[in-house]
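Keeping their order, the protein sequence lines are chains A and B.
Residues in the first sequence are numbered from 2 upward in steps of one, following our numbering.
Residues in the second sequence are numbered from 6 upward in steps of one, following our numbering.
It is possible that part of the hints are untrue.
A few chain A residues that face chain B, going by a derived Cβ cut-off under 7 Å, partial list only [unchecked claim]:
| hint | residue |
| --- | --- |
| 1 | Ser-47 |
| 2 | Gly-106 |
| 3 | Gln-110 |
DSSO-like cross-link-like pairs, simulated, lysine-lysine; straight-line CA separation at most 30 Å [said to hold, decoys possible]:
| hint | chain 1 | residue 1 | chain 2 | residue 2 |
| --- | --- | --- | --- | --- |
| 4 | B | Lys-62 | A | Lys-69 |
| 5 | A | Lys-2 | A | Lys-43 |
| 6 | A | Lys-69 | B | Lys-16 |
| 7 | B | Lys-16 | B | Lys-62 |
Simulated from the structure, these hints should not be mistaken for laboratory data.
Just so we're clear, the structure is a prediction, and the values are computed from it rather than from any experiment.
Positions of the beta carbon are idealized from the N, C-alpha and C atoms, including for glycine.
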Amino acid sequence: KQEVTQIPAALSVPEGENLVLNCSFTDSAIYNLQWFRQDPGKGLTSLLLIQSSQREQTSGRLNASLDKSSGRSTLYIAASQPGDSATYLCAVEISSGSARQLTFGSGTQLTVLP
Amino acid sequence: DAGITQSPRHKVTETGTPVTLRCHQTENHRYMYWYRQDPGHGLRLIHYSYGVKDTDKGEVSDGYSVSRSKTEDFLLTLESATSSQTSVYFCAISERYTQYFGPGTRLTVL
Numbered sequence: 002k003q004e005v006t007q008i009p010a011a012l013s014v015p016e017g018e019n020l021v022l023n024c025s026f027t028d029s030a031i032y033n034l035q036w037f038r039q040d041p042g043k044g045l046t047s048l049l050l051i052q053s054s055q056r057e058q059t060s061g062r063l064n065a066s067l068d069k070s071s072g073r074s075t076l077y078i079a080a081s082q083p084g085d086s087a088t089y090l091c092a093v094e095i096s097s098g099s100a101r102q103l104t105f106g107s108g109t110q111l112t113v114l115p
Numbered sequence: 006d007a008g009i010t011q012s013p014r015h016k017v018t019e020t021g022t023p024v025t026l027r028c029h030q031t032e033n034h035r036y037m038y039w040y041r042q043d044p045g046h047g048l049r050l051i052h053y054s055y056g057v058k059d060t061d062k063g064e065v066s067d068g069y070s071v072s073r074s075k076t077e078d079f080l081l082t083l084e085s086a087t088s089s090q091t092s093v094y095f096c097a098i099s100e101r102y103t104q105y106f107g108p109g110t111r112l113t114v115l
């Protein structure tokens, strides 16, 4: 059974700092890995998607990497801002049953202090 | 938000009562999903649908049933709610390689 772990569970940093969020998964047979953002009381918003054949994806100040062989992904946030405060979840897409499915980590709650 | 709405957005009910949550989408997506989110567990898949009247179980399906009689609506039913089903429930659709999520329903079972 695929398991996804995110460390740390919570992180607090001062504004302007570069930071790394970690995600690990137990089974390398994945289609892709995605990073989502969740604001309090809201749904999830997709940030970056890395296909299994890719090593990284970038969007603005965000860069996500994928090392499928070691079962690890990182989300790098450059020059953090208070508006980046949210919970970040990673999820791997696997094949199961009649559809592809996402297995989620429990998230890292990020607070960026002004 | 890929045109996904959930209703109700908040509900408080009592143990043993039936509850139905509705997910509605406007863009004719084939795949729809129901998740629950609990502290320390991330999101866990309850059931999903791959077409009208085509559904399958996810990781935490016990105590839940679903129905999809038309493309745009995916219903999640708790036949007899229990306190362990207090959670936030999210609906999602699949488009290309990612999923888009609704705003969630916060359900409290007393």
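Checklist line | Contradicted hints - numbers only | finding: 3, 6
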